[in-house]
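> The lines below spell out each chain.
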Amino acid sequence: MMPELGKYAAEVISAYAVSLGLLVGLVVLSLRRNARLRDALRQVEDRQRKTNG
Amino acid sequence: MIALLRRDLVLAVRAGGGFGLGLAFFLVLSVLVPFGVGPEADVLARIAPGILWIGALLSCLLSLDRIFALDFEDGSLDLLATAPVPLEGVSVVKALAHWLTTGLPLTLLAPGLGVLLNLPPAGFGWLVISLAVGTPALSLIGAFGAALTVGLKRGGLLLSLLVLPLYVPTLIFGAQVATQGAAGLDVGTPLVLLAGISAGTLALMPFAAAAALRINLR
Amino acid sequence: MSFWEFANPKRFMQLSSRLLPWVAGLSLACLVVGLIWGFFFTPEDYRQGSTVKIIYLHVPAALMAINAWLMMLVASLVWIIRRHHVSALAARAAAPVGLTFTVIALITGAIWGQPMWGTWWAWDPRLTSFLILALFYMGYIAMWEAVENGDTAADLTSVLCLVGSVFAILSRYAVLFWNQGLHQGASLSLDKEENVADVFYLPLLVCIAGFVLMFLALVLLRTRTEIRARRLKALLNRERMA
Amino acid sequence: MLSVRGVCVARGGVPVLEGVDLDLEAGQALVLRGPNGIGKTTLLRTLAGLQPPVEGQIEMAPDLVAYTGHSDGVKATLTVVENLEFWARVFGQGDIAPALAAFDLEGLVERQAQNLSAGQRRRLGLARLMVTGRPIWMLDEPTVSLDAASVKMFAASVQAHCAAGGAAIMATHIDLGLDGLVLDLSPYRAIGRMSAGGFEEAFE
Chain A
1 MMPELGKYAA EVISAYAVSL GLLVGLVVLS LRRNARLRDA LRQVEDRQRK TNG
Chain B
54 MIALLRRDLV LAVRAGGGFG LGLAFFLVLS VLVPFGVGPE ADVLARIAPG ILWIGALLSC
114 LLSLDRIFAL DFEDGSLDLL ATAPVPLEGV SVVKALAHWL TTGLPLTLLA PGLGVLLNLP
174 PAGFGWLVIS LAVGTPALSL IGAFGAALTV GLKRGGLLLS LLVLPLYVPT LIFGAQVATQ
234 GAAGLDVGTP LVLLAGISAG TLALMPFAAA AALRINLR
Chain C
272 MSFWEFANPK RFMQLSSRLL PWVAGLSLAC LVVGLIWGFF FTPEDYRQGS TVKIIYLHVP
332 AALMAINAWL MMLVASLVWI IRRHHVSALA ARAAAPVGLT FTVIALITGA IWGQPMWGTW
392 WAWDPRLTSF LILALFYMGY IAMWEAVENG DTAADLTSVL CLVGSVFAIL SRYAVLFWNQ
452 GLHQGASLSL DKEENVADVF YLPLLVCIAG FVLMFLALVL LRTRTEIRAR RLKALLNRER
512 MA
Chain D
514 MLSVRGVCVA RGGVPVLEGV DLDLEAGQAL VLRGPNGIGK TTLLRTLAGL QPPVEGQIEM
574 APDLVAYTGH SDGVKATLTV VENLEFWARV FGQGDIAPAL AAFDLEGLVE RQAQNLSAGQ
634 RRRLGLARLM VTGRPIWMLD EPTVSLDAAS VKMFAASVQA HCAAGGAAIM ATHIDLGLDG
694 LVLDLSPYRA IGRMSAGGFE EAFE
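Chains A, B, C and D are the protein sequences, given in the same order. Residues in the first sequence are numbered consecutively from 1, following the numbering used here. Residues in the second sequence are numbered consecutively from 54, following the numbering used here. Residues in the third sequence are numbered consecutively from 272, following the numbering used here. Residues in the fourth sequence are numbered consecutively from 514, following the numbering used here.
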């Protein structure tokens with residue numbers, strides 16, 4: 001399955017690992033913050049709807 | 054405007070104005086460098102112009118936050134904003150006062166420190182010229198950075214982070230003039246470019262600084 | 272449908288929620304296809320060996336690192352001229368994405384440079400420019416974080432973005448000048464784009480498309496987050512006032 | 514001199530006052546009242562032109578206002594006379610003697626501002642108004658740290674200023690004994706407005 005990377009295997013694989021790691025990290029952080037704020041906003045909106053009748 | 058310049062100069066020179074702190078910092082920094090890189094004369098001679106330029110830049114940075122912050126805290130900036138002087142003019146005058154109290158003395162002090170760092174004889178003239186042409190740009194860019202961060206608590210650190218990348222072109226051309234001059238090479242191109250940066254910042258930065266001040270005074 | 276419908280926050284939320292899955296899905300598809308194609312099914316370069324495979328990350332990341340700043344510049348201008356809040360928030364949302372791409376470009380460049388030039392880091396004009404770009408991103412993000420009031424922060428960061436753009440271009444030329452001035456005739460060139468053969472070109476295009484779409488998806492998502500954050504703050508403010 | 518119609522002002526992006534109407538004629542002194550936090554300072558800063566109103570009109574000829582905020586703008590290492598002369602020059606005025614006399618600062622002229630008491634500093638800050646030569650004084654809590662005699666001194670100078678065709682608008686809680694107008698800001702409190710600029714309205 002793995003292609004023959006020759007003597008530069010370590011460089012190529014580490015480049016891919018670091019880049020994909022950074023991208024996944026950014027996506028996960030963005031999603032988590034989005035979810036947190038979505039929930040917080042929904043909570044406050046519901047609360048205000050109740051008090052406003 | 055002249056009144057403002059005079060007041061700023063008097064404030065800087067009076068006790069507690071911080072005049073001299075930047076110079077002392079420049080001195081200490083230049084004295085520390087040989088401890089870091091070793092006392093070999095030829096090594097020092099080669100890096101001296103760059104070290105002196107970086108030292109001047111950092112000493113300039115030290116006093117940047119005072120440009121507007123003190124006037125903001127005691128309310129003078131509000132009063133200046135309602136006074137019959139445009140904020141653009143205030144920014145120019147403030148940058149000029151900053152240059153007269155830091156950039157100019159640094160320029161005059163630099164040859165003395167050049168002796169300590171074994172600067173080649175050919176380099177002294179170009180070092181002074183490059184600093185004289187380049188440090189006004191440092192003050193003008195710094196005034197913009199100070200205007201951006203004027204209302205912030207602990208704005209000093211942010212100010213450094215914002216201003217240092219903006220200093221890159223000035224530093225490159227300034228150090229280039231000093232280095233090539235010390236090596237006895239032609240300095241025409243970098244000197245013209247350095248002067249261009251100073252002129253460009255003089256034309257544009259006051260407007261950016263005034264815009265930032267108006268936003269921060271709201 | 273006019274593009275300016277995006278300027279209304281409520282419309283933006285509706286449109287973006289419909290758009291986001293498609294953009295994200297397409298981006299993922301492009302990245303998976305492009306990267307697998309590039310990693311497994313392209314030959315080695317006769318000169319650079321297998322390290323040429325790093326191109327599929329390095330070039331798209333570098334491209335988007337610059338384009339992200341351009342997008343922030345346009346968004347800042349829209350905010351200054353037309354005062355659309357969504358635009359300012361989109362600029363804020365794009366900055367961390369741009370910074371990440373810049374860091375990826377720098378790291379992959381360093382990893383690539385090590386076997387090719389025998390050094391992790393060369394003060395090559397292009398590498399140096401990206402390092403300076405990263406500093407600009409950091410300053411911009413720090414400015415947003417430092418200012419409490421949303422509109423003030425948007426105004427200040429817009430001014431910073433405008434001035435920063437001028438100085439970024441200036442730095443680019445200064446750095447070119449500086450390096451030539453220091454080592455005359457240095458032969459380190461990073462101009463890979465010019466000698467890329469077709470075998471490498473097609474998967475590279477797919478990867479670039481993937482990165483563009485990913486940037487778009489992330490900016491949409493993060494702008495939605497920023498809009499919610501702003502609205503949350505306003506609702507809490509109203510609660511306090513009442 | 515000053516005409517304000519339907520003005521809404523915001524502090525930190527949150528509207529605090531809306532629909533404010535007021536007029537100021539030459540010779541009038543207007544006192545703004547209202548509980549802490551209602552937006553007196555914000556309104557004064559808006560009228561002085563330091564921040565734009567969210568909505569509404571402020572009609573006034575340019576360069577009429579002398580503004581004094583919570584802080585005096587007094588430099589600690591300058592002497593009293595240096596502080597005043599600086600502001601007189603900035604505003605293109607010459608004579609600072611009347612201002613020194615009106616606020617009883619003549620005995621202190623050569624003293625550095627850092628050696629003044631809080632009340633004396635405040636008097637210096639108020640004397641600054643007189644050297645601007647501007648007809649409309651806008652004062653935010655002008656009597657803070659003033660003793661009874663100084664308050665009288667201040668009231669007298671406001672009266673003299675108005676009698677000479679000037680006007681003043683101030684936010685203060687104490688009674689100055691001026692026969693001026695009083696505007697209570699409480700009815701203008703902005704309730705239920707979300708934020709300036711139409712962002713939240715899009716969701717309502």
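Read the hints as simulated data drawn from the structure, not as lab findings. Treat each hint with caution, since some may be false.
[As the list claims (entries may be wrong)] Derived, one-sided and incomplete: chain C residues facing chain B with beta-carbon distance under 10 Å:
hint : residue
1    : P292
2    : M387
3    : A417
4    : D422
5    : L441
6    : S442
7    : Y444
8    : W449
9    : F471
10   : L476
11   : E510
[Said to hold, decoys possible] In silico BS3-like pairs for lysine-lysine, Cα to Cα no more than 27 Å straight-line:
hint : chain 1 : residue 1 : chain 2 : residue 2
12   : C       : K504      : A       : K7
13   : C       : K281      : C       : K504
14   : C       : K281      : B       : K206
15   : C       : K504      : A       : K50
[What the hints assert, rightly or not] Between beta-carbon pairs, the in silico distance windows are:
hint : chain 1 : residue 1 : chain 2 : residue 2 : range
16   : D       : N549      : B       : V84       : 25 to 33 Å
17   : C       : W293      : B       : T242      : 45 to 53 Å
18   : B       : R67       : D       : G632      : 38 to 46 Å
19   : A       : Q43       : B       : V138      : 48 to 56 Å
Because the structure is a prediction, the values reported are computed rather than measured. Ideal placement from N, C-alpha and C gives every residue a C-beta, glycine not left out.
> Of the numbered hints stated earlier in the document, which are not met by this structure?
1, 2, 9, 10, 11, 12, 14, 16, 18
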